[in-house]
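Colleague: All chains, please: the whole structure from these sequences, using the hints.
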Amino acid sequence: MDVVVVESPAKAKTINKYLGRNYKVLASFGHVRDLPPKDGSVRPDEDFAMSWEVDGPSSKRLADIAKAVKEADGLILATDPDREGEAISWHVLEVLRQKRAIKDKPVKRVVFNAITKQSVLDAMANPREIDAPLVDAYLARRALDYLVGFNLSPVLWRKLPGARSAGRVQSVALRLVCDREAEIERFVREEYWQIAAHLATPRQEGFIARLTAFEGKKLQKLDIANETQALDIKSMLEGATFSATSVEAKPTKRNPAPPFTTSTLQQAASSRLGFSASRTMQVAQRLYEGVDIGGETAGLITYMRTDGVQMAPEALDNARRVIGSEFGKNYLPEKPRFYSTKAKNAQEAHEAIRPTDFARTPASVRKYLEGDQARLYELIWKRAVASQMQPAEIERTTVEIDARNGSRTASLRAVGSVIRFDGFIAAYTDQRDEDSEDEENRRLPEIRVGEPLKRDGIEATQHSTEPPPRYSEASLIKRMEELGIGRPSTYAATLKTLEDREYVTIDKRRLIPQSKGRIVTAFLESFFERYVEYDFTAALEEKLDEISDGRLSWKAVLQDFWKDFSAAIGDIKELRVTDVLDALNDDLAPLLFPAREDGSDPRSCPKCGTGQLSLKLGRYGAFVGCSNYPECGFTRQLGDTGEQSAEGGAEGDGNKALGTDPTTGEEVTLRAGRFGPYVQRGEGKEAKRSSLPKTWAPASIDFDRAMQLLSLPRDVGLHPESGKMISAGLGRYGPFLLHDGAYANLETIEDVLTVGLNRAVTVIAEKKEKGGRGRGSTPAALQTFEHPDGGSITVREGRFGPYVNHGKINATLPKGKDPASVTIEEALALLAERAEKAPKSARKAPAKSASKTTKTTAAKKAPAKKPAAKKAAKAG
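The numbering of the sequence shown is the working numbering, which starts it at 127 and goes up by one.
Hint data in this document are derived by calculation from the structure and do not stem from the laboratory.
Predicted model, so just to flag it, every value in this text is computed and none were measured.
Idealized CB from N, CA, C, for every residue including glycine.
Take the hints with a grain of salt, since some may be wrong.
Below, simulated DSSO-like cross-link-like pairs (lysine-lysine); rule was C-alpha separation at most 30 Å, straight line [claimed, not checked]:
(1) K234 <-> K164
(2) K139 <-> K285
(3) K243 <-> K150
(4) K508 <-> K493
(5) K820 <-> K943
Pair by pair, the computed Cβ-Cβ distance ranges are [to be verified]:
(6) Q346 <-> D830: 52 to 60 Å
(7) R398 <-> D661: 45 to 53 Å
(8) Q346 <-> G532: 21 to 29 Å
(9) E331 <-> E659: 33 to 41 Å
(10) I632 <-> T888: 28 to 36 Å
(11) F464 <-> R534: 20 to 28 Å
Modeller: Here you go:
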């Protein structure tokens, strides 16, 4: 018996059915090791040696795999067919060698692009060794990302309090979003007018023609710049006679687009289905891993992380058969179509995303799929089928029209098109058709050269130029792909990170950079410009691809990068914060100091009149303040209009006074914190705090809304059965009800503020029926922070009151302390105090007690007796 290792349990279950009793298929559940999030995980001074850590759950799974391998005849590594999949196989093999589970047993590597019985059996019949250059490329990428993140992020924390992190690809993607926002802010609208004539043929068939020239001068888009010009031309045309001077009908062909790659699938799913990039990949993963189709489990699509656009020969034959039967022989080209990608760093060996069997039409499998799965499968099926169909045949007609009114002349043009043969459009209409102007798709009536045309009306419409649109997830992915930044498998994670760090928000599917993101980008552009340059990042991606092709040494690439990058880090550490602020004041002037309606100096203090406004950094982030502090206490949050002031705050707080609590007499303020805006009542350790819900904009917060938040959690009433209190609150994961140690989710913050006893009892009962958490389980985390030494800090509501947890250390919150308002600094202090009182056995960091850490240098070769293992060890 051989042990087969794949990534996911769903994939293992499907493949196990194909292989039978002679194989045992186990899942690694993705990556089994990673670099610990602490200093020293990559050591440039030790020839880029790396320390790898196995987390708790992975340790158990690896132990199960090792036990199975010891009892088996051999090991088959069948992880995904990309760089990450190769890396997972390498990690599994390294751990099994350390556990002495391999010995002299054969190790094979197999890959399949689709989880179908035929694909899996074909792969098993053609094993290979682990691809060492692919592993090298993975090691180089992982080391680069670590070196940038764990060296640049601390610089941000010191120079820009409130900034969360920086990353090799993440920061460049953020720059794209911020550059577009700056472009929008610089944009100056220009007025222009368009003139259209509603005309008709002698046969009373109407159409529209647009003005192209006036009195012998060709008109550009902005040439009719005001109403006076427009009305003069309109008046001339209202008295003119019209005739057709030429009619040209030109046949054209439109070819289909290639099948989907990862990025084009994410773009199409966003524009057509409204899916985020991460949602697209989640649904595609399910379609790839296998779905039960009437008693048969099979993967419905090929591997979904790819930048290739070709299809396998057998897939082409399959598609052509379906086209003939579903659409007809006239839709089938004489020969299959072949595509090549335009992406800078594409891996041509990878297949495009396509159905594993074209005969499984969307209609035939819809009843077996969930709604989103059915919609995405239909999109993939149609695009792949269309890619192998005949081109659409379109006749484009252009009519030139002469207008005369005495000695004055004008030229107009009417354009229309007719689809003579729909071709691939019968299966899939691409974005070009959807985005084309109405006139391009409008069919013109029969118009003959020289015949007079009747004027039904002249229309003059005012327009203004529009700034470039903000990026959507789809358009940002497209731009990153065009620039050669990142890889298909990284796009969704990169966008999610930007949102999680609160560098961008998504509104109506558009990415809007937040003040925090703008400041980070401006800082990096001012002091680390090279490392957020598009060309530099793309060139680094090309080097990684050369490593994967075996043409470059991965350590040489790291050495070249690290020499300059570490020097830049050293230089920036010597910078004074005032130098940073001066640079950011200039770069972010439109954001920090918006123009005022009265035309006065936007940097003059609106309170004292003599001070100058400047960006300032406080404990919880950046804000705008007056240079005359402490004599003048004017401050405002970034993005505000600047006409509000805050009194009495300590230097750097950036507080906005909202009012005074009539019960306690304490001031209520709105503040900008490291983890987002929050409201606070009072000062010092005992101050009451509450984070703002994500749906509440800081500008909308007044005294009443702040007091509502500060009143949470609120008592709803006693449960009629248990007699215990039901409370409503706002936690890390959103609005909730709490009763007898069990939580139930509420939909909105408004529900928290207004829910009554009857509704609360119903929600709790519904949650209990669905299997809600009981007394004996770990309470849900209300807040989560990253501990500087690794692992997570969580704030929880326990049976005996709220507490913070890190590993085995639990520290009770002070009486009356709201768990939703705990800061990371307060949590660390409580944990440190508790750790001093705890037994020594409980003081170990969770990263070391709950995981197994192994140190592996990339130069070290593991012993191996089989060819498959030798090549794999090269990357270690």
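Colleague: Taking the hints in turn, state whether each one holds.
Modeller: Outcome of the hint check:
For the hint pairing K234 with K164, the CA-to-CA distance comes to about 34 Å; that exceeds 30 Å, so the pair is violated. Annotation: proposed proximity of K139 to K285 is violated, straight-line Cα distance about 51 Å (limit 30 Å). Proximity of K243 to K150 is assessed by CA-CA distance (about 16 Å); at most 30 Å being required, the pair is judged to hold. Among the hinted pairs, K508 with K493 is consistent with the structure: their alpha-carbon atoms are about 18 Å apart, no more than 30 Å.
The suggested pairing of K820 with K943 holds, with an alpha-carbon distance near 22 Å, which does not exceed 30 Å. Between Q346 and D830 the C-beta distance comes to about 54 Å, which sits within the given range of 52 to 60 Å. A beta carbon spacing of about 32 Å between R398 and D661 contradicts the range 45 to 53 Å that was offered as a hint. For Q346 and G532, the hinted distance range of 21 to 29 Å is satisfied, since their beta carbons lie about 25 Å from each other.
The given range of 33 to 41 Å is broken by E331 and E659, whose C-beta atoms sit roughly 57 Å from each other. Against the hinted window of 28 to 36 Å, the Cβ-Cβ separation of I632 and T888 comes to about 32 Å, which satisfies the hint. A hinted range of 20 to 28 Å is violated for the C-beta pair F464 and R534, which are about 56 Å apart.
The structure fails hints 1, 2, 7, 9 and 11 (numbered hints given earlier, in ascending order).
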